[in-house]
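What follows is each chain in one-letter form.
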Amino acid sequence: MSNTKYILGSFADPDEMMHGIDKLQANNISIFDCFTPMPIHGIEAKLGVKPSRLPIAAFIFGALGTTLGFALLFYTMAYDWPMNIGGKPSLPLPNFVPVTFEVTILLCALGMVATFFYRNHLFPGRAPRVMDLRATDDRFIIAIDARENTDHALIDTLLKEAGAVEVKYNERKYVSYE
Amino acid sequence: MGTHNHHHNYNFSEQFQFAGIAKVLSLVAIVVGIAAIAMGLLSSDHIMVERTYANLLLMGYYFTCVCAAGAFFVALQMVTQSGWSAGLLRIPQAMASVLPIASILLLVIVGLGLTTHNLYHHWHADGLTDPNSPNYDALVAGKAAFLNVPGFLIRQILFMGSYSIFAFILAKLSYNEDLAGGLTSYKKSFKLSAIFLVIFGFTTPIWSFDTIMSLEAHWFSTMFGWYNFAAMWVSGLSAIAIILILVKKAGYMAWVNENHLHDLGKLMFGFSIFWAYVWFAQFMLIWYSNIPEETVYFYKRWEPEYKPWFWLSIIINFVAPLLLLVDRDAKRKNGMMLFVAILLLLGHWLDYYIMIMPGTVESHRGFGYIEICTAIGFVGLFTFLVMSKLSKHPLAAKHHPFLDESLHHQI
Numbered sequence: 001m002s003n004t005k006y007i008l009g010s011f012a013d014p015d016e017m018m019h020g021i022d023k024l025q026a027n028n029i030s031i032f033d034c035f036t037p038m039p040i041h042g043i044e045a046k047l048g049v050k051p052s053r054l055p056i057a058a059f060i061f062g063a064l065g066t067t068l069g070f071a072l073l074f075y076t077m078a079y080d081w082p083m084n085i086g087g088k089p090s091l092p093l094p095n096f097v098p099v100t101f102e103v104t105i106l107l108c109a110l111g112m113v114a115t116f117f118y119r120n121h122l123f124p125g126r127a128p129r130v131m132d133l134r135a136t137d138d139r140f141i142i143a144i145d146a147r148e149n150t151d152h153a154l155i156d157t158l159l160k161e162a163g164a165v166e167v168k169y170n171e172r173k174y175v176s177y178e
Numbered sequence: 001m002g003t004h005n006h007h008h009n010y011n012f013s014e015q016f017q018f019a020g021i022a023k024v025l026s027l028v029a030i031v032v033g034i035a036a037i038a039m040g041l042l043s044s045d046h047i048m049v050e051r052t053y054a055n056l057l058l059m060g061y062y063f064t065c066v067c068a069a070g071a072f073f074v075a076l077q078m079v080t081q082s083g084w085s086a087g088l089l090r091i092p093q094a095m096a097s098v099l100p101i102a103s104i105l106l107l108v109i110v111g112l113g114l115t116t117h118n119l120y121h122h123w124h125a126d127g128l129t130d131p132n133s134p135n136y137d138a139l140v141a142g143k144a145a146f147l148n149v150p151g152f153l154i155r156q157i158l159f160m161g162s163y164s165i166f167a168f169i170l171a172k173l174s175y176n177e178d179l180a181g182g183l184t185s186y187k188k189s190f191k192l193s194a195i196f197l198v199i200f201g202f203t204t205p206i207w208s209f210d211t212i213m214s215l216e217a218h219w220f221s222t223m224f225g226w227y228n229f230a231a232m233w234v235s236g237l238s239a240i241a242i243i244l245i246l247v248k249k250a251g252y253m254a255w256v257n258e259n260h261l262h263d264l265g266k267l268m269f270g271f272s273i274f275w276a277y278v279w280f281a282q283f284m285l286i287w288y289s290n291i292p293e294e295t296v297y298f299y300k301r302w303e304p305e306y307k308p309w310f311w312l313s314i315i316i317n318f319v320a321p322l323l324l325l326v327d328r329d330a331k332r333k334n335g336m337m338l339f340v341a342i343l344l345l346l347g348h349w350l351d352y353y354i355m356i357m358p359g360t361v362e363s364h365r366g367f368g369y370i371e372i373c374t375a376i377g378f379v380g381l382f383t384f385l386v387m388s389k390l391s392k393h394p395l396a397a398k399h400h401p402f403l404d405e406s407l408h409h410q411i
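Quick mapping for you: the protein sequence lines, in order, are chains A and B. Once you know that position 48 of the first sequence is 48 in the working numbering, the rest is easy, because the numbers rise by one and skip nothing. Once you know that position 26 of the second sequence is 26 in the working numbering, the rest is easy, because the numbers rise by one and skip nothing.
With the rest of the complex left out, here is chain A (with noise of 0.2 Å):
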């Protein structure tokens, strides 16, 4: 038993990395991931990629940001020290919706911003996880999780007959740590 853990298929051309998922997936192999150095159409729908969560993340904090903005205003304005202002009541509900409003907007961006990097492991002095670091310059990468496919073989074949440049045999999962 060989100890490699992913099979990356290493593309020049999308369109022939399109053609390679087309290939395995005729033949019942899981793909794992794919790295692309570019945004490709269709390719999320094709690998059965989930919608992101990322919007019901955004909702959230943005309720927490209206709920924390409004309670700031009223605890301050009218329940703490009731406040009169030019004679408004000291429960001005119009007054309250910028702030609120701002509050939320700001509760969001930054919560989405957190939720995003957390999720991708994104942190200030964190080495990020790649797994070939050609996909962020000029490569098409197939990644094939070699344990749940075991006829690398086969894989191999596919995967140069769709036209990959390359095939690794990586033992480990990401090449970024080194």
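In short, the hints are calculated from the structure, not lab data. Virtual Cβ for every residue (Gly too), placed ideally from N, Cα, C. Hints may be right or wrong, so weigh each one.
[As the list claims (entries may be wrong)] Beta-carbon label-pair distances, calculated as ranges:
| # | chain 1 | residue 1 | chain 2 | residue 2 | range |
| --- | --- | --- | --- | --- | --- |
| 1 | A | V165 | B | K392 | 44 to 54 Å |
| 2 | B | F168 | A | G87 | 46 to 56 Å |
| 3 | A | G42 | B | L179 | 47 to 57 Å |
| 4 | A | A109 | B | T115 | 50 to 60 Å |
| 5 | B | K23 | A | A45 | 36 to 46 Å |
| 6 | A | T76 | B | S289 | 46 to 56 Å |
| 7 | A | F59 | B | K188 | 25 to 35 Å |
| 8 | B | W309 | A | G87 | 23 to 33 Å |
| 9 | B | Q410 | A | A153 | 30 to 40 Å |
| 10 | B | L112 | A | G42 | 52 to 62 Å |
[Claimed, not checked] Derived EDC-like pairs (lysine to aspartate or glutamate); straight-line CA-CA distance at most 20 Å:
| # | chain 1 | residue 1 | chain 2 | residue 2 |
| --- | --- | --- | --- | --- |
| 11 | A | K50 | B | E258 |
| 12 | B | K392 | B | D404 |
| 13 | A | K50 | B | D329 |
| 14 | A | K50 | B | E294 |
| 15 | A | K88 | B | E294 |
Given the coordinates of chain A, work out where chain B should sit on it, guided by the hints.
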């Protein structure tokens, strides 16, 4: 880099057939509208005549605004060099081509309303600007340098005339492009669109000050122009969405899919929020400062006969699209988009109703056959003119440089 630029055999030269039930219904609607307007204008009750004029102004302005929004849409896509919309540009172009007719109609309504004193009587009446007259009104006299009959009419003609010319030429250039090909039309459209947007941006606020805000000439708000622009843009986008969905349902424009609808939905969603933003900015500043000369506008609209409609307008135009279109899937579904677009068109009718009626018929507000039938008549006229125009040219600008990008649009 096209990853799947193989196999699409769309017939870009296909033309919409405007016939059958749609055509009959639009003609019936026009007849219903004309009959109701004639009954209203010939009524012996002067309040009824005034109410008819107010409704004519409402629908005439609405009609012109929606067509102008079509021209604005085309110009915006040209200037931003947008690719996504290239496949559906024929719809706003058809709306833009109707703008000259809409403008003439509004001009007639405004001119007749002014001369018969059924509209704009707050600033156009005998002796308002004469210090020796018992009717003298110092506020109106102070505004007379701007707000006088010749100036008003000249501005109406200049503004709507220039929008109409640009709208017509922009549509014409695209129709020429179908025959000639090449980039000449596109480049010309780009330049013209840039000029048009500058003119349109600076003059539409003044146009709405004249046409709508001057109905209550004592009151003024600098936000009013943007507020009207937001209403115009949302209703124009809704009209484009409705036409697109119905034309697709009839089996045309197979190259437009849920991705394009999604983008239209985003614009409708976003600009409904923008409308609420501008509406609220105007409201809050007036509410906060509480100066009588400013609050008079909202005071009138908070009288019992207007207040429920005032709040209903906010619910339809802001809360409803916010909740109904916030979800991604909702913007990609024909049924939901059609529902929201129709709701927004009804909502902005109510929006204009609340802008216009307190300055014209005031407490004699009504909602009866004249409101309903005038609206039906103008909807029929809009449908008839826009769909006739749409049926005269192919449904895609087949030589548009970004058409291919539009076909592959995916979000």
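Here's how the hints hold up against the structure:
1. A/V165 x B/K392: 44 to 54 Å: Holds - the Cβ-Cβ distance for A/V165 and B/K392, about 53 Å, lies within 44 to 54 Å.
2. B/F168 x A/G87: 46 to 56 Å: Since the Cβ atoms of B/F168 and A/G87 sit about 54 Å apart, the hinted range of 46 to 56 Å holds.
3. A/G42 x B/L179: 47 to 57 Å: violated (34 Å)
4. A/A109 x B/T115: 50 to 60 Å: The hinted range 50 to 60 Å holds for A/A109 and B/T115, with Cβ atoms some 54 Å apart.
5. B/K23 x A/A45: 36 to 46 Å: holds (40 Å)
6. A/T76 x B/S289: 46 to 56 Å: Since A/T76 and B/S289 have Cβ atoms about 23 Å apart, the given range 46 to 56 Å is violated.
7. A/F59 x B/K188: 25 to 35 Å: violated (45 Å)
8. B/W309 x A/G87: 23 to 33 Å: holds (29 Å)
9. B/Q410 x A/A153: 30 to 40 Å: holds (36 Å)
10. B/L112 x A/G42: 52 to 62 Å: holds (57 Å)
11. A/K50 x B/E258: holds (18 Å)
12. B/K392 x B/D404: violated (23 Å)
13. A/K50 x B/D329: Within the cut-off at roughly 14 Å; holds.
14. A/K50 x B/E294: violated (53 Å)
15. A/K88 x B/E294: holds (17 Å)
Figure legend: structure checked against the earlier numbered hints; hints not met, in rising order: 3, 6, 7, 12, 14.
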